[in-house]
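Trainee: Dock chain B against the given chain A, drawing on the hints supplied.
Number of protein chains: 2
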Amino acid sequence: MTTRVQRLSINYKTLEEFKKFRENGLEELSMLEDLQADLIEDNVDSPFYGIYEEGKLVARISLYPTPAKYDRYFEPATGYLELMKLEVLPGYKGKGYGQALVEYAKSLGRPIKTNVRLGAQDFFLRLGFCAVKYNPERDRGENPYVWQPPSF
Amino acid sequence: MTTRVQRLSINYKTLEEFKKFRENGLEELSMLEDLQADLIEDNVDSPFYGIYEEGKLVARISLYPTPAKYDRYFEPATGYLELMKLEVLPGYKGKGYGQALVEYAKSLGRPIKTNVRLGAQDFFLRLGFCAVKYNPERDRGENPYVWQPPSF
Chain A
1 MTTRVQRLSI NYKTLEEFKK FRENGLEELS MLEDLQADLI EDNVDSPFYG
51 IYEEGKLVAR ISLYPTPAKY DRYFEPATGY LELMKLEVLP GYKGKGYGQA
101 LVEYAKSLGR PIKTNVRLGA QDFFLRLGFC AVKYNPERDR GENPYVWQPP
151 SF
Chain B
1 MTTRVQRLSI NYKTLEEFKK FRENGLEELS MLEDLQADLI EDNVDSPFYG
51 IYEEGKLVAR ISLYPTPAKY DRYFEPATGY LELMKLEVLP GYKGKGYGQA
101 LVEYAKSLGR PIKTNVRLGA QDFFLRLGFC AVKYNPERDR GENPYVWQPP
151 SF
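Same order as they appear, the protein sequences are chains A and B. Reminder that position 152 of the first sequence reads as 152 in full-length UniProt numbering, one-by-one numbering, no gaps. Reminder that position 102 of the second sequence reads as 102 in full-length UniProt numbering, one-by-one numbering, no gaps.
Next up, chain A with everything else stripped away, as it sits in the complex (with noise of 0.2 Å):
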C-alpha cells in the first residue's frame, strides 16, 4: 500500500482536524478569521499537506515557498521551500507518515530548509539532509538542516 499525501484545502474541515495537532498557533487562528470574514476562498493555495487515514486527518507537514532573495543558507542563493510542522498524531506514529510527506517536500524537486527539534536529527539525517555549519548570527539558537536535489 502507497501512503498518499495530499494537498490540504484551508476550509472549516481542515482546520478543525488541524485542532488535533500540538502545533496549532497563531497561523490556524488567522486562517480561521479570514475564513469567517470571507477573505479567503476555500481551496486557496495552502501550504499545508498531509495523510488522511479513515476520512481522518492523521500527519501533516508545511512547506512555505522562500523567495531566493531570502535565502541565506544555499550558496549560490535559491529559492526553497521552509519546512514545518511535521507532526503526526499520537496512535499513528511507526507507519512511516513522517518519511512519507518529507519524501514528498523532496519529490517537489527544490531545496528544502528545516529546522530540527528534539532528537529528529537522525531521522533527517537518514532522509538526505545535513546540518547547516552553525552561524550565530544568522541561526540564533535553531538547528538548520537543509536538502538539495540531486541536480543542484
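Simulated from the structure, these hints should not be mistaken for laboratory data. Incorrect hints may appear among the rest.
Since the list can't tell identical chains apart, any single copy or any two copies may satisfy a pair.
What the hints assert, rightly or not - Restricting the straight-line Cα-Cα distance to at most 30 Å, the calculated cross-link-like pairs of lysine-lysine (DSS-like) are:
1) Lys133 with Lys19
2) Lys133 with Lys13
3) Lys20 with Lys133
4) Lys95 with Lys56
5) Lys93 with Lys19
6) Lys133 with Lys69
Mentor: Relative to the frame of chain A, chain B by itself:
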C-alpha cells in the same frame, strides 16, 4: 527565597550541563568545536542564562540581541531580544523557574520577541506578552509573541 538567575559562561562544564536539556543542537556543538579550537575564550559573551540548584543547572534560557535593522515586529523598528530555548529540567518544574527566567529577560529593559510553542501561550500571556497579528510571509508557521517595556 529568591531565585537567582545567572549568565552562563561558555566552557566545558556548561556544555556538559547543556547535554541534559532537550534543545541541545548545532549551537552547542558549534560552541564545543570553538572551545576545542581555542576560538572562543572562556567567559565570552554568552546568550545563555540559567538557574542552579545545589550546583546543578536546572533551567536555562537564551536571549539573542537583535539589531533594529533586522526588526520585523516592532513599530518603529527597534533593537530587541529574541527569546529561545526556555527549558526547565524534568523534576524541577512547578517551582517558578521558567517565570523567573522570563522576568529576568524583561528586567533587561528591552523589547522581547519569542516563538511560542506547544501550549505555552497562556504562560507568556500571563507574563504580559501579546500575540502579534499573524503575517504569513514573515511568520511562516511561527507563533510570534512580543513584550515591550512600559516606557516604550
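Trainee: None of the hints should be skipped; say for each whether it holds.
Mentor: Verification of the supplied hints:
1. Lys133 with Lys19: between (36 Å within a copy, 19 Å between copies)
2. Lys133 with Lys13: Result: close only across copies, 23 Å inter versus 41 Å intra.
3. Lys20 with Lys133: The answer is between: 23 Å across copies meets 30 Å, while 35 Å in one copy does not.
4. Lys95 with Lys56: within (15 Å within a copy, 39 Å between copies)
5. Lys93 with Lys19: Both. Shortest intra-copy (18 Å) and inter-copy (26 Å) distances satisfy the 30 Å Cα cut-off.
6. Lys133 with Lys69: For lysine 133 and lysine 69, the Cα distance is within 30 Å both inside one copy (20 Å) and across copies (24 Å).
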